[in-house]
Amino acid sequence: MAASRRGGTGILYRAYERHLRRELAGAPVPTHIGMIIDGNRRWARLNALDSVGHGHRAGARKMHEFLEWCDELGVEVVTLYLLSHDNLAGRDAAELDELCAIIADLADALSTGTGWRIRHVGSAADLPPELAAAVGAAVERSKDAPGMQVNLAVGYGGRHEVVEAIRRILETHEGSTQELAERLSPELIGEHLYTTGQPDPDLVIRTSGEQRLSDFMLWQSARSELYFMEALGPDMREVDFLRAVRDYGQRSRRFGR
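Each residue of the sequence shown is one higher than the one before, starting from 1 at the first, in my numbering.
For the record, the hints were derived by calculation from the structure and aren't laboratory data.
Every value quoted in this text rests on a predicted model; they were computed, and no experiment measured them.
Note that beta-carbon positions come from the ideal geometry of N, C-alpha and C, so glycine has one too.
Each hint should be verified, as a subset may be incorrect.
To be verified - Across the chosen pairs, the derived CB separations fall in these ranges:
1) Pro186 with Asp50: 44 to 50 Å
2) Arg251 with Ala48: 37 to 43 Å
3) Ile169 with Leu226: 25 to 31 Å
4) Gly175 with Leu73: 42 to 48 Å
5) Asn87 with Glu171: 25 to 31 Å
6) Ser176 with Asp92: 44 to 50 Å
7) Arg21 with Leu184: 27 to 33 Å
Required output: the full structure, derived from the provided sequences and hints.
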């Protein structure tokens with residue numbers, strides 16, 4: 001892969017990238033990475049672009065690169081936080097329409113010729129019909145792909161996900177309320193989340209310097225390692241990603257203990 005596709009150029013950059021890769025040799029690699037891409041709108045403003053849509057498109061291109069980096073490193077599952085459930089109602093209508101079109105294009109690209117298996121994480125019923133159809137087509141197109149699992153968190157909210165999980169448990173439970181209370185457990189709730197059957201994220205990365213989860217995988221990330229990088233989403237380089245993985249490998253994970 002050319003240096004420009006890796007997110008940086010120049011002799012010093014490539015030397016530093018090789019140094020990081022040597023440091024990662026034999027180090028633990030996250031099985032599942034969650035990515036909160038942030039800063040697309042700020043990136044567009046800082047670059048004096050006439051529409052924040054340019055920032056969202058740049059962020060989408062970066063997410064494709066990011067997945068290539070993850071795949072090359074041997075990551076098995078990646079969850080991309082692309083559109084929150086709250087933003088379906090809270091964003092400017094014109095911006096939301098453009099963002100939905102960008103996500104639809106990204107879903108199509110990620111499910112075509114990559115070998116990645118796409119999964120929708122979120123509420124399809126709450127999405128605009130065109131976006132729901134595009135994401136559904138990407139899932140269907142890639143269902144037999146042998147490679148990395150890519151979760152597209154679209155129309156996703158962590159609190160909403162837990163509520164939906166409990167609602168599904170209630171709808172399928174045939175016993176008494178007391179029996180359900182005795183049966184209810186974290187494991188049972190986990191079986192009804194959008195990510196059922198997948199490992200929880202080992203590492204959650206957020207770009208742009210903001211240090212919060214913004215309703216992303218609140219249940220699944222209870223024991224995740226968190227890494228906040230200063231780069232705005234479209235400016236993220238591969239060395240920034242490799243540093244995040246290096247930092248993860250140097251931590252002593254306590255898993256809530």
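Consistency of the hints with the structure:
Roughly 48 Å separates the CB atoms of Pro186 and Asp50, a value that falls within the hinted 44 to 50 Å. Taking 37 to 43 Å as the suggested C-beta distance range, the pair Arg251 and Ala48 conforms, at roughly 39 Å. Checked against the hint of 25 to 31 Å, the C-beta distance between Ile169 and Leu226 comes to roughly 29 Å, which is consistent with it. Remark: the range hint 42 to 48 Å for Gly175 to Leu73 is upheld by a beta-carbon distance near 46 Å.
A hinted range of 25 to 31 Å for the beta carbons of Asn87 and Glu171 is consistent with their spacing of about 27 Å. Taking 44 to 50 Å as the suggested C-beta distance range, the pair Ser176 and Asp92 conforms, at roughly 48 Å. Against the hinted window of 27 to 33 Å, the Cβ-Cβ separation of Arg21 and Leu184 comes to about 46 Å, which falls outside the hint.
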